[in-house]
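As a plain string of letters, each chain reads:
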Amino acid sequence: MSFEPKIIGFLCNWCSYTGADLAGVSRIKSAPNVRIVRTMCSGRVDPAFILKAFQLGADGVVVMGCHLGDCHYQEGNYKTIRRIPFLKRLVKDFGIDPRRLRLEWVSASEGDRFAEVVNEMTEEIRQLGPLKLYVHNERKNGQPAKAEVH
Amino acid sequence: MAKPKLALYWAASCGGCEIAVLDIQEKILDVAAAFDIVFWPVALDFKYDDVRKMADKSVDLCLFNGSIRNSENAEIAHLLRAKSKILVAFGSCALEGGIPGLSNLTTKEATLRWVYKESPSTVVQNGGVIPQTHTKMPEGETEIPELWDTVKALDQVIDVDYYIPGCPPQPNQIWSVIEYVLSGKPLPPAGSVLGAGTKTCCEECSRHRKEKKIKKFYRPFEIETDPNECLLDQGIVCMGPATRDGCGALCPKANVPCRGCYGPPPNVTDQGAKMVSALCSVIDAHEPEEIEKILDQIADPMGTFYRFSLAHSILRRVEKS
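Quick mapping for you: the protein sequence lines, in order, are chains X and P. With the working numbering as the guide, the letters of the first sequence map in order to residues 1 to 150. With the working numbering as the guide, the letters of the second sequence map in order to residues 1 to 321.
Looking at chain X on its own, in the form it has when it is part of the complex (with noise of 0.2 Å):
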């Protein structure tokens, strides 16, 4: 069987939600393999939510925000893309190739783009091949196991 990335989303409510949507209304064709998960900032986005998607088997994870100056909350983004680079060395630090971290602005009216990234996303996950971490052999039925594996 091929190899189908799963890939994460955290979007903003009020821009890239809303483009994802846009996407959506507008019959964009993209690829299947984000899951969304619609935040109201991606500045709510905590770097343990990212952390947290590559433990239980994500090979990739997709922030999308407002354009920088566009906040609903004025300052929200500002705090991501302080964020996302850190994070970006930490899991590298981690043996997690970075492009599988990314931060993307995507704005309400540009369902075109949300199409864009998560394209080029995919198929970029796609040639990395699937994320192996040593969490992933200790979780057993969706529960880490307390195993003796060492």
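In short, the hints are calculated from the structure, not lab data. Nothing here was measured: the structure is a model prediction, and the numbers come from that model. The C-beta atom is built at its ideal place from N, Cα and C for all residues, glycine as well. Check before you lean on any hint, since a few could be wrong.
What the hints assert, rightly or not - Here are some chain P residues the structure puts well away from chain X; computed CB gaps all over 10 Å:
(1) Q25
(2) K53
(3) W114
(4) N126
(5) E141
(6) P227
(7) A273
(8) S277
What the hints assert, rightly or not - Pair ranges (Cβ atoms, derived):
(9) H78/P x V37/X: 36 to 42 Å
(10) E4/X x V129/P: 45 to 51 Å
(11) K320/P x E4/X: 35 to 41 Å
(12) P130/X x L187/P: 44 to 50 Å
(13) G191/P x Q74/X: 36 to 42 Å
(14) Q74/X x E222/P: 41 to 47 Å
(15) I19/P x P130/X: 42 to 48 Å
Unchecked claim - Cut-off 35 Å, straight-line C-alpha distance, at most; resulting in silico cross-link-like pairs (DSBU-like, lysine-lysine):
(16) K88/X x K29/X
(17) K320/P x K6/X
(18) K5/P x K88/X
(19) K293/P x K88/X
(20) K88/X x K213/P
(21) K117/P x K320/P
(22) K52/X x K216/P
(23) K52/X x K215/P
(24) K108/P x K52/X
(25) K3/P x K52/X
(26) K5/P x K92/X
(27) K6/X x K108/P
(28) K212/P x K132/X
(29) K88/X x K216/P
(30) K117/P x K88/X
(31) K52/X x K199/P
(32) K92/X x K199/P
(33) K92/X x K210/P
(34) K320/P x K52/X
(35) K293/P x K213/P
(36) K320/P x K88/X
(37) K6/X x K293/P
(38) K132/X x K117/P
(39) K52/X x K212/P
(40) K27/P x K92/X
Starting from the known structure of chain X, fit chain P onto it as the hints suggest.
Frame of chain X; chain P shown alone:
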């Protein structure tokens, strides 16, 4: 009535937790008077076989320090779990892997190679033999415990009733827990963190805080800090915002940034991720290039943000490539 039984054990740890127990000073005599100490390898001559002979659940309180990184640590952890009514993960290593947990940044092979062959202070002996679990000698075969590839926190190996954080736990906090157990009051719900607060280290810190806007990070030796101002405000990476209170903010008091030994505050699973979140909120830059430049100034993010909690973090170890 017989005195309650107390056991103390060290697995992969430095021994600082044992000293912390003695740091309750003359109250150690009260502990000896109130408890029957049945096992304490660092101080008293009991053997593992003595523990094996005890009845299950016969030890009333077991304070277990150190992380689990070899087969002996794990064996004794399982043994003490079976023999103890209340088993407490005592100190950062037992709680979240601690300093030994940092070897999850590398592999067992690389660690052994460094220690026995490559480190500048190593005198290579016998052609650089790395210890084997079984060795044939003229007198017979010797056996030593097997080193694990991954360091684990205690609750990743056995069930733990309570947690006492700290590297080491502060003596006053240790005493407050022992006193509580002795008082016979109903115990808190299983899984509670004892001997610590429910807020962050910043709550206890007396330094003056302003609205944070950080343009440049310094390492502690690069700057003379103001003793009354928040260290983070001055550009020193201080783990206070992502660390549980309970120690009395001892390090910031001594002009040293918080190292994060009391572990993450309640409801935080990943201390490092929380610190990334907190730090990035206060960096005063809006342009990607400027941000990268400021991030470059943070030395050793893994070793700083996960100094004590790597083995218990969300990803737990570095993926071997």
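Quick rundown of the hints versus the structure:
no.: 1; hint: Q25; in the structure: 38 Å, holds
no.: 2; hint: K53; in the structure: 25 Å, holds
no.: 3; hint: W114; in the structure: 18 Å, holds
no.: 4; hint: N126; in the structure: 27 Å, holds
no.: 5; hint: E141; in the structure: 23 Å, holds
no.: 6; hint: P227; in the structure: 29 Å, holds
no.: 7; hint: A273; in the structure: 4 Å, violated
no.: 8; hint: S277; in the structure: 5 Å, violated
no.: 9; hint: H78/P x V37/X: 36 to 42 Å; in the structure: 39 Å, holds
no.: 10; hint: E4/X x V129/P: 45 to 51 Å; in the structure: 48 Å, holds
no.: 11; hint: K320/P x E4/X: 35 to 41 Å; in the structure: 25 Å, violated
no.: 12; hint: P130/X x L187/P: 44 to 50 Å; in the structure: 45 Å, holds
no.: 13; hint: G191/P x Q74/X: 36 to 42 Å; in the structure: 40 Å, holds
no.: 14; hint: Q74/X x E222/P: 41 to 47 Å; in the structure: 34 Å, violated
no.: 15; hint: I19/P x P130/X: 42 to 48 Å; in the structure: 47 Å, holds
no.: 16; hint: K88/X x K29/X; in the structure: 29 Å, holds
no.: 17; hint: K320/P x K6/X; in the structure: 21 Å, holds
no.: 18; hint: K5/P x K88/X; in the structure: 50 Å, violated
no.: 19; hint: K293/P x K88/X; in the structure: 14 Å, holds
no.: 20; hint: K88/X x K213/P; in the structure: 22 Å, holds
no.: 21; hint: K117/P x K320/P; in the structure: 21 Å, holds
no.: 22; hint: K52/X x K216/P; in the structure: 30 Å, holds
no.: 23; hint: K52/X x K215/P; in the structure: 30 Å, holds
no.: 24; hint: K108/P x K52/X; in the structure: 25 Å, holds
no.: 25; hint: K3/P x K52/X; in the structure: 46 Å, violated
no.: 26; hint: K5/P x K92/X; in the structure: 48 Å, violated
no.: 27; hint: K6/X x K108/P; in the structure: 31 Å, holds
no.: 28; hint: K212/P x K132/X; in the structure: 38 Å, violated
no.: 29; hint: K88/X x K216/P; in the structure: 20 Å, holds
no.: 30; hint: K117/P x K88/X; in the structure: 33 Å, holds
no.: 31; hint: K52/X x K199/P; in the structure: 23 Å, holds
no.: 32; hint: K92/X x K199/P; in the structure: 31 Å, holds
no.: 33; hint: K92/X x K210/P; in the structure: 33 Å, holds
no.: 34; hint: K320/P x K52/X; in the structure: 19 Å, holds
no.: 35; hint: K293/P x K213/P; in the structure: 15 Å, holds
no.: 36; hint: K320/P x K88/X; in the structure: 18 Å, holds
no.: 37; hint: K6/X x K293/P; in the structure: 32 Å, holds
no.: 38; hint: K132/X x K117/P; in the structure: 30 Å, holds
no.: 39; hint: K52/X x K212/P; in the structure: 28 Å, holds
no.: 40; hint: K27/P x K92/X; in the structure: 48 Å, violated
In summary, the numbered hints that this structure violates are 7, 8, 11, 14, 18, 25, 26, 28 and 40.
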